[in-house]
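Residue numbers (the working numbering), protein chains in the order written: chain Y, 1 to 339; chain L, 1001 to 1436.
In short, the hints are calculated from the structure, not lab data. Quick caveat, the model's predicted, so the values are computed rather than measured. Careful, some of the hints might be misleading.
Computed, partial: chain Y to chain L, Cβ under 8 Å [what the hints assert, rightly or not]:
hint, residue
1, T40
2, A47
3, G52
4, P80
5, T85
6, T88
7, A132
Idealized CB from N, CA, C, for every residue including glycine.
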Amino acid sequence: MKKTVLFGTLTIAGLTAAAASAATLDDVKARGHLNCGVTTGLTGFAAPDANGVWEGFDVDVCRAVAAAIFGDKNAVEFVPTTGETRFTALSSGEIDLLARNTTWTFSRDTELKFDFVGVNYYDGQGFIVPKALGVTSAKDLDGATVCIQTGTTTELNLADYFRANNITYQPVPIQTNAEGQQQYLAGACDTYTTDASGLAATRATFENPEDHVLLPEIISKEPLGPLVRHGDNEWGDIAMWTLNALIAAEELGITSANIGEMSAAPTNNPEVNRLLGTEGELGAMIGLSNDWAKNAIMAGGNYGEIFERNIGENTPIGLARGLNAQWTDGGLLYSPPFR
Amino acid sequence: MSDTHAQTVAFVREGMLDQQPPPTREAGTVKWVRENLFPTWLNAILTIVSLYVIWVVVSTFVMWAFSPTWNATSLSECRQMLEELGRSTETACWGVIRDRWEQLLFGFYPSDLYWRPTVALIVLLAGLGPVLFGTFPRWFMGFSLASPFLIFLLLWGGPIWLPLTVALGFGLGVVAFRVFSRVNQIVAVLVAIVIPLLYWLLLAWPLASELARVMPIGLEPVQSKQFGGFMLSIVIGVTAIVLSLPLGILLALGRASNLFIVTKLSVVFIEIIRGVPLIVWLFTASLLLNYFLPPGTNFDLTLRVIIMVTLFSAAYIAEVVRGGLSAVPKGQYEGANSLGLSYWQSMQLIVLPQALKISIPGIVNTFIGLFKDTTLVLFIGLLDPLGLINSIRASTDWNGIYWELYVFVALLFFVACFSMGRYSLHLEKKLQREHR
């Protein structure tokens, strides 16, 4: 890469030669770290702590991919993206992977030329109401004032749902989730609607969370997942199978606690052996070392551990597994076999 | 005759009366209060209502702000502390500031290197001293000229050779100008521009890398990605302010010039930049440029933003200065011409000093606006103080916090903008020549 000097002078500080070329894996390896796009801050999914270290459910996906490639969960740089900049950042090559609770939709996958590599959280739009309102179903919300973020799919889902049920509502437009919290608590609206995970996180911050309930209706499908650029399938495979490895690890009972023991010597479960690289050559098939999945799982534990640590029932957010349980437990998580 | 008077007048005062104090209601505080607060019934009522409103606002704020929650480590702990004290939980929770103030100031800058931005700020203030106040010894000007390079080195780190080789380019330009100005002024100006440019484009980078290889002296490099918080606002704001003033003056002169192409180019530039909102330019910088640049280049986002903000503010400065230029009486221009001064001489010695003096309030106003506009970068994913507020609130400890962070950031901005405003007043007073 030929740089002019003036250019070099000015940009010396922040430049790494990221390329939007086909072989993303080679670029990432040459660079020495993964560039991963996350939100600028969403409770439980991505936020920096007091020392500037990113934490969260989406962040752990990035770390797992970095660990699968480099064996080091810290070989990743987080690029905060907004709703407006996230897709350009990915398609221009500024980031290699976008894990920013992005809903998998038809047009994003096709028209915008991205590939979603899986779903790490099945979300859906819900409602929160004060208990004092005495409402037990979203269908009782006829004539209610609803706080709603403008310009989002939630706004369209809301209109669809109320029209389908032949009831009316008064929208109270808001810009951000924080504003929504404030308006709802100040009584500017009877109910606040956004993704159910966001509502749970919001309710957890209230002074008296027990005075508010989430209504049982979930009015939309929001499969949130990491995505990569269309056209580099080898790179997409790495991200996809890293996510699958985390899900499979939970199914197979591999945790961060017992992984050392299970990967030390072949166990009597051949799929565990293939996944952890003590048998077969799965790593070579995606251009990584044979212990790639072991490293990915050791980064933050299996899917269940990541879930529990960031958004699970023991955190202030307190989300139940629900749809995000393993298929064996009645959820939707279902990793294809490692064979 | 002398006793006639005594008989006709019963009493004559023989000594001077002591000066009496004015009646209480016509003096001191009472008079001031009567005249300013209660001159008529209507005003009296308005005064009482206003005092009541002020009292309500201030007491509510003080009650809210006075809250011994400095040591709390999360919002729930804050609420617990307040409950134990029997206070309303609608009270400020300052623990978030104690926990995150460094992040709000420095963003993701490595915490063991916080001294570097701090020293850079001191260097900046010291370097600006002679420019702003002009009462420093002459040698100090040298420090001012060196300070941009020093600040660059402190903030971004890396080998010391890069700033040095770049600075050398300016030195080359000055030397070239001195040498060639004996031959011809215009040639000298051209040479003084071309030689440093050629040097920067062809020589400086290899020279710097070579020197860095031979003598690796320098500071630990920090990427501009790691800049954030108030430091990012200052870096963007100050760079744009310092660069946009000369650029804006040039544009204003260009617009007022008699040369057809120069005028039209300046007009087009100013009108295009000024006719589009800053947020659009920022999106252009962050999104569109990504598509136009060849794949493989990763042009630093912070730098792109600085360039855009500089151009934006230069267009505004140009219009402010143009106002100043038109306010200078025509006689001044003609006087300068009749003295046989060249264009640049007349501008430098006669017109600009007067025009700029008139423009000071407008220029400073633009700068204050520019400094506050830097918060718009949060929309393109740079974590300035406002962007960080969102991130901080996203942590489970502090989710639900609202006003405390905004109050803190507002205070930081107020200090910066208020100082700029005060400086502008000081400068106006200092430069006042008329109506003495």
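Outcome of the hint check:
1. At about 6 Å, the closest approach between the beta carbon of Y/T40 and any beta carbon in chain L falls short of 8 Å, and the interface hint on this residue holds.
2. Below 8 Å, beta-carbon pairs count as interface contacts, and Y/A47 has one with chain L at about 4 Å; its hint therefore holds.
3. Checking Y/G52 against chain L by beta carbon gives a least distance of about 4 Å; that is within 8 Å, so the hint holds.
4. At its closest, the beta carbon of Y/P80 sits 5 Å from a beta carbon of chain L; the interface hint therefore holds under the 8 Å criterion.
5. For the restraint placing Y/T85 at the interface with chain L, the shortest Cβ-Cβ distance is roughly 5 Å, inside the 8 Å limit, so the hint holds.
6. At a threshold of 8 Å, the smallest CB-CB gap from Y/T88 to chain L is about 4 Å, leaving the interface hint in force.
7. Annotation: interface hint on Y/A132 violated; nearest CB of chain L at approximately 18 Å, more than 8 Å.
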